[in-house]
Amino acid sequence: MDKDQVKGKVNETAGKATGDDSQELKGKLQQEAGKIKEKAEDLKDDVAGEINKLFDKKDKK
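Each residue of the sequence shown is one higher than the one before, starting from 1 at the first, in my numbering.
Do not take every clue at face value.
Said to hold, decoys possible - Below, simulated DSSO-like cross-link-like pairs (lysine-lysine); rule was C-alpha separation at most 27 Å, straight line: (1) 39 <-> 3; (2) 26 <-> 57; (3) 39 <-> 53; (4) 35 <-> 3; (5) 16 <-> 37; (6) 58 <-> 37; (7) 37 <-> 26; (8) 53 <-> 3; (9) 7 <-> 28; (10) 26 <-> 7; (11) 58 <-> 44; (12) 39 <-> 28; (13) 57 <-> 7; (14) 7 <-> 53; (15) 7 <-> 37; (16) 28 <-> 60; (17) 37 <-> 60; (18) 26 <-> 16; (19) 3 <-> 16; (20) 37 <-> 53; (21) 9 <-> 28; (22) 60 <-> 9; (23) 37 <-> 9; (24) 9 <-> 57; (25) 35 <-> 16; (26) 9 <-> 26; (27) 7 <-> 35; (28) 26 <-> 39; (29) 3 <-> 44; (30) 28 <-> 53; (31) 28 <-> 16; (32) 37 <-> 57.
In case anyone wonders, no lab produced these hints; they're calculated from the structure.
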């Protein structure tokens with residue numbers, strides 16, 4: 001869980017506790033942004049790994 005997800009959960013919980021729909025929504029959006037960032041990082045790592053495999057194969061020839 002990244003820091004945006006944690007901050008989002010805090011904002012969502014605070015919004016629910018205080019009845020502040022705006023803060024609750026902000027928290028949910030922060031959590032989703034955090035999930036997207038996490039998936040983007042995973043994708044970046046996967047692509048880098050595949051590129052490295054291609055270069056390793058090329059170097060072996």
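A quick look at each hint next to the structure:
no.	hint	verdict
1	39 <-> 3	holds, 14 Å
2	26 <-> 57	violated, 47 Å
3	39 <-> 53	holds, 21 Å
4	35 <-> 3	holds, 10 Å
5	16 <-> 37	holds, 25 Å
6	58 <-> 37	violated, 32 Å
7	37 <-> 26	holds, 16 Å
8	53 <-> 3	violated, 31 Å
9	7 <-> 28	holds, 10 Å
10	26 <-> 7	holds, 10 Å
11	58 <-> 44	holds, 21 Å
12	39 <-> 28	holds, 17 Å
13	57 <-> 7	violated, 43 Å
14	7 <-> 53	violated, 37 Å
15	7 <-> 37	holds, 14 Å
16	28 <-> 60	violated, 48 Å
17	37 <-> 60	violated, 35 Å
18	26 <-> 16	holds, 11 Å
19	3 <-> 16	holds, 20 Å
20	37 <-> 53	holds, 24 Å
21	9 <-> 28	holds, 7 Å
22	60 <-> 9	violated, 48 Å
23	37 <-> 9	holds, 16 Å
24	9 <-> 57	violated, 44 Å
25	35 <-> 16	holds, 21 Å
26	9 <-> 26	holds, 10 Å
27	7 <-> 35	holds, 12 Å
28	26 <-> 39	holds, 20 Å
29	3 <-> 44	holds, 19 Å
30	28 <-> 53	violated, 38 Å
31	28 <-> 16	holds, 11 Å
32	37 <-> 57	violated, 30 Å
Figure legend: structure checked against the earlier numbered hints; hints not met, in rising order: 2, 6, 8, 13, 14, 16, 17, 22, 24, 30 and 32.
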